[in-house]
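Undergrad: This is what each chain is made of:
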Amino acid sequence: MTLWLMAGLLFTPLAWAVLTLLTDFRWGRLVTWAGILVQILVSLGLWLTVAEGGGFYYGLGGWDAPLGIELRVDGLAVTFVLLTAVVASACGWHAGVYIDPEKPWHRYFWPLFWFLWAGLNAVWLGGDLFNLYVGLELISLSAVGLVALGGKAGALRASIRYLLAALLGSLAYLLGVALIYGQFGTLSIAGVSFWLAEHPTPTGSGLALALMVAGLALKTALFPLHQWLPPAHGIAKSPVSALLSALVVKASFYVAARLWLEFGESIGNLAVAQLLGLLGSGAVVWGSWLACRQQQLKQVVAYSSVAQIGYLFLLFPLTFSVSEAVSLQAQQGITLQVISHALAKAAMFLAAGNLILSVGSNRVDALAGVSRFLPFSLFSFSLAGVSLMSLPPTGGFAAKWLLLQASLGSGQWWWVGVLLAGGLLSATYVFRIFRASLRENPETDQFYHPARSLEVIPMILALLALGLGLMSDQVLTVMALPFEEEGAP
Amino acid sequence: MTLTAWMPVFALMTSFIASLVIFVLPEKGYRLRTAVNLGAALMKLVLVIVMVWGVFRGVDYGVRFTMVPGVEFVLKADALAMMFAGLSAVLWLLTTIYAVGYLEDSPNRSRFFGFFSLCVASTTGIALAGNLFTFFLFYEMLTLSTYPLVVHRGTEKALRAGRTYLIYTLTGGAVLLLSIAWLHGVAGDLLFREGGHFIDADPAIHTSLIIIFILLVAGLGVKAAVFPLHGWLPQAMVAPAPVSALLHAVAVVKAGAFGIVRVVYNVYGITPSSTLGLLQPLAWLAAFTMIYGSVRALAQVDLKRLLAFSTVSQVSYIILGICLFGPVGAAGGLVHLLHQGIMKITLFFCAGNYAETLGIHRIDEMDGAGRRMPGTSLAFTIGAFGMIGAPPLAGFITKWTMGTGALAANMDWVIAVLVLSSLLNAAYFLPILHRLWFREAQGEWPNERHWGRLETSAWLFWPPLFTAVVTVLVGVLASLPFSPLSWAELIVLREYSP
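Chains as they are written, first to last, in numbering that gives the first Met the number 0: chain A, 0 to 488; chain S, 0 to 497.
Next up, chain A with everything else stripped away, as it sits in the complex (with noise of 0.2 Å):
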């Protein structure tokens, strides 16, 4: 069973990227309808299988690491598994109403939707630090090039910025990745961690560490490295923004997350640790201000992602020599960051298109009237703010009431001030979108309806984002399952 459902969750997306290569969009869009649907089976099963019997190592057709590439599958890799299919199934299922199948360059989306996802399982389930690179490359060339797509020549200047940045940070990671195979012997994060546990701490490693979180870093657009990303995230497509800010960012941020908890400890210090949270905090006040400054509707959300993944980097400081059940409480909080982000970005990139289908224009001004003429989308764009602002009882809040737990338990108290601005902040770019659309201009009565089908996905995703909060005890159980370690070398 087992084998079945990872050779289903690793094989359909690079299959279906060559089977939609073949097809125009509109064929691209059927194919696309089926394999969506495989793969949240495949991707639904292998959580069940985890949340039964706990996770496992899986080596790739039956070769163990060092040889063959080993995976890790355990629960919070197939929880973000699951993630992915819930957020790419629900943009892909918009895009194939939303995105004109008339111009012919469009019909590229559909492969290029596909090598994303495949990249993003493979950095979910990586294992070692050479195929997180490979999965980032492809997560990174697939979103240059949806970006690309929007077909005007800022999408394409904004496109070209994307790509300078991701392979910069490419490098920087693929640098450090050196570094650690000249002083281990090995690219597998268990061997690296392994090896540290009975040796003490080579000279030089901290600089290998440096270099990979400063390229991830980058690739996650941390504040003030953030210049790309609201170009990039802006002028997509509403689909493809919904996918770069829920998930694209996330997969570079696994990444450095899992090496902080795996060799934070050891080769990081006090020092690196409160820097990053600083950036993060940074990115917070910074990101937001900027959001509530935007004369563009699809700007200030993109602003907001820079903002929300600042929150993100508090794990560094939060988990850095702190007792077992701080460090428990910020992991946890920030996985329901990830995961709530993920939703709500989505829903509110999805329901920003629509309004701006409606209205005709991204500006923020525009937006009059349109909360009597497409209320339920500016509904789904308001309960996902909530979950941005961090309000009850979606899960933004549920991960800032552990972030700050784990502030104060740390005695890290100067968190607890960012956790609050960011979330009154939040409150005004958010409102400033709602206050626009309460407006009531007797000019503008053209509005045009989009499909029912626009609607409802936003909102579906909105909605999720809200139960999240309520469920976060029973999701976050399944990621504390015990992990069977027979794999490791």
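Be aware that a few hints might be false.
[Said to hold, decoys possible] Simulated restraints, written as ranges between beta carbons of each label pair:
| id | chain 1 | residue 1 | chain 2 | residue 2 | range |
| --- | --- | --- | --- | --- | --- |
| 1 | A | P103 | S | F64 | 52 to 58 Å |
| 2 | S | E71 | A | L40 | 41 to 47 Å |
| 3 | A | R292 | S | L19 | 52 to 58 Å |
| 4 | S | E26 | A | V96 | 23 to 29 Å |
| 5 | S | R63 | A | Q445 | 47 to 53 Å |
| 6 | A | V96 | S | G187 | 57 to 63 Å |
| 7 | S | V23 | A | D364 | 25 to 31 Å |
| 8 | S | I210 | A | G466 | 32 to 38 Å |
| 9 | S | R63 | A | A479 | 51 to 57 Å |
| 10 | A | H448 | S | Q441 | 36 to 42 Å |
| 11 | S | Y29 | A | A324 | 53 to 59 Å |
| 12 | A | A420 | S | D59 | 27 to 33 Å |
| 13 | A | D99 | S | V300 | 56 to 62 Å |
| 14 | S | R56 | A | D364 | 58 to 64 Å |
Because the hints were derived from the structure by calculation, they are not lab data.
Using N, Cα and C, we set each Cβ at its ideal position, and we do this for glycine too.
With chain A fixed as given, assemble chain S onto it according to the hints.
TA: Below, chain S alone, put in the same frame as chain A:
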């Protein structure tokens, strides 16, 4: 789980599901929407009555599950909870009836009634919350669901008021969250419990407890409109009259006051609050707010703004009442939670009637309105006399009980505050009554409408009269069982001898 466990959930769900249904219903489905609204409100009232009876006999209603690791979501019905839930259930029904008439033929009604029900669902949640975490959950939900009501008209002024409202309440919410999280770190997950949790608190955490208390009161004080955090309330008056009525009588302002009661009684406990020296400063603050609100009300020319400042003053009666150490004064404060709600909603209904029927907004336009609208004016008069504290109306019961309590608690200065506040109440209400009944109308009304036989639409006419009658009854029948006063005494009895 048994039926008793589910009762609070049902009570919550009636308004929540009503809200969802209303959102989905088309804008034109006027009859169906009204039916859903009134049906849900009636059902909720029945559920609450059943639970009141159950709580009186000592049945434990409650449900709990772990929501976030380390914290539980708890719904629980105790005597205090039922007091607030009962208030919200009764007033929801009345306000819904009123709002149906008030918003006849205006746009965006589906949105309005959807959020209106959501707002009541939040209020019920606040009432039934069993710990601070759950309380906070619904407290923030209330903020979000009232915002669209405040800005309902979509005018520039409404949007500005909405922004002020959000700045105040969300900041207050952030402070509240901080204090709840901190308290959770210091003392763990604290269920609301009669007598509180800190009877024998470790002296090492006393300082933290005091700071946390200040933060809690600051966070809750925003909604309770305690000076100097009251700035949003008069501005929020741009909202439609039913919203103002609900906001003042039960939802927002009361949620803050109720939260402070919960903190003092069921988290800290009345005795520990007193020994930590927390009650005295809070009492001063409340007393100051009482006077301040009345003084500001004197200077108002707009009727709704005057009522808003009157609320600022009246809500602090509740806070002052619970700060009087002793069962009598406490009962006086608690009972005002209900009394103020009933009286204030009467006044707001009447203000809405004058505005809708005659186009009157300012006080100097009210000359002679008593002859044109005798029913409404009668209700207004009863409400105003109640606020002043004339016997045997609801307000008198409050003030009398509080005064007796203040003497018992050796806080004689409170008597002076009560007297001064009553004089001020009289000073701003009596001139209005004089205008209503004893002056000639100044000619044409600003914007008059006619509804046939009654002085105004029947939907608008009956609710204020009903609440006016209740204002009289709760005063006259205060010593009967299940009157607000007896219920408040039951709560206090359980708090002082847990």
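Undergrad: Are there hints from earlier that the structure breaks, and if so, what are their numbers?
TA: 2, 3, 6, 9, 10, 12
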